Amino acid sequence: MLRHVRLFALVLLIASWEVTSEDYDAGFGEPDDDGITYFGCHRNVDALCSGGVEDKRLQELTWAIRLHKKKRDYACHDGHVPQCCQQGLFSAISDSPTHSILKEWKATDNCAHRGQS
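Letter by letter, the sequence shown follows residues -21 to -1, 1 to 96 of mature numbering (1 follows the signal peptide of the UniProt record, and there is no 0).
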C-alpha cells in the first residue's frame, strides 16, 4: 500500500513539473500572444528592442524593459526584437526625447539577436 502511495506521489510531482517547465521554457526570445518577448542578456551589455519603421532601411531602437532589479531579465513589447549589444554603443537612446533612435539594420549586426542564454 505504501509503495502505491509513493508511486502516486511521484507521478503527481512529475506531472506538475512538466506543466510548469513547459510554460517557462516555451518561446524564450520569441513573442508571446500579446506581442511581448522575454529575454536575458549577459553582464556588461545593453538590452535593446528593435522594430521596423516606414523606411525599410532603418530600425527603431529603444531600451528593453528590465523586469526585476539586479537581474538581467528583460522584455520587449509590440513584437520588437530583443538585442544584446555592446555596452554604451547606443547610449544616444537615453538622450533622445522619444527614448528611441533610428539606425540602419547593419548597426546591430554584432549584437546578440533574440537575447543571450
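To be clear, the hints were calculated from the coordinates, so they are not data collected in a lab. As the structure is a prediction and not an experimental result, all values here were calculated from the model. A couple of the hints might just be wrong.
Ranges of calculated distance between the beta carbons of each label pair, as one might list FRET restraints [as the list claims (entries may be wrong)]:
no., residue 1, residue 2, range
1, His78, Asp34, 17 to 25 Å
2, Asp12, Leu68, 17 to 25 Å
3, Gln66, Glu33, 24 to 32 Å
4, Gly67, Ile44, 30 to 38 Å
5, His92, Asn23, 28 to 36 Å
Cross-link-like lysine to aspartate or glutamate pairs, in silico, EDC-like; alpha carbons within 20 Å at most [stated by the list, open to error]:
no., residue 1, residue 2
6, Lys85, Asp12
7, Lys85, Asp52
8, Lys82, Asp34
By construction, the Cβ of each residue, glycine as well, lies at the ideal position given by its N, Cα and C atoms.
Consistency of the hints with the structure:
no. : hint                      : result
1   : His78 / Asp34: 17 to 25 Å : holds, 19 Å
2   : Asp12 / Leu68: 17 to 25 Å : violated, 32 Å
3   : Gln66 / Glu33: 24 to 32 Å : holds, 30 Å
4   : Gly67 / Ile44: 30 to 38 Å : violated, 19 Å
5   : His92 / Asn23: 28 to 36 Å : violated, 18 Å
6   : Lys85 / Asp12             : violated, 28 Å
7   : Lys85 / Asp52             : violated, 25 Å
8   : Lys82 / Asp34             : holds, 11 Å
In summary, the numbered hints that this structure violates are 2, 4, 5, 6 and 7.
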